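> Be aware that the sequence shown starts at 1, since it is given in the working numbering, and climbs by one per residue.
Just so you know, the hints here were simulated from the structure itself, not pulled from any lab data. If you're wondering where the values come from, they're calculated on a predicted model, not measured in any experiment. Don't take each hint at face value.
[Unchecked claim] With a straight-line Cα cutoff of 25 Å, these simulated BS3-like cross-link-like pairs (lysine-lysine) come out:
| hint | residue 1 | residue 2 |
| --- | --- | --- |
| 1 | 60 | 5 |
| 2 | 60 | 14 |
| 3 | 60 | 12 |
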Amino acid sequence: MLLQKNNECIQKIKHRTSLCQSGLSSLGPAIHSMLQGIHSEAHLCNSYYLIREAFDCGEKIVAEACETEAVLDLRQIQQLVRSLSTDP
């Protein structure tokens, strides 16, 4: 729902997001290594930071090009992702 209601913003910035996504390309190999038990904790920590950096980068682009509500919605999505990474 949050992404859908900000579709106009997403369309406006989609050509600028490749910079933010570049670090995420290493998530697949990291997850593969984690599943094999190879440096799992290090890969998990690094993956968390890559995702956080992608959100931070995206927030800057959204803040420059979109309404304040879109920035707040992105922060809400980021908070939901962060809640997945914490123990209950």
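> Confirm or reject each hint.
Status of the hints after comparison with the structure:
For a cut-off of 25 Å, the pair hint linking residue 60 to residue 5 stands: about 19 Å separates their Cα positions. Using a Cα cut-off of 25 Å, the hinted pair residue 60 and residue 14 holds, with the two alpha carbons roughly 13 Å apart. Only pairs whose Cα atoms come within 25 Å are accepted, and residue 60 paired with residue 12 is accepted, the gap being roughly 14 Å.
Hint violations for this structure: none, all hints satisfied.
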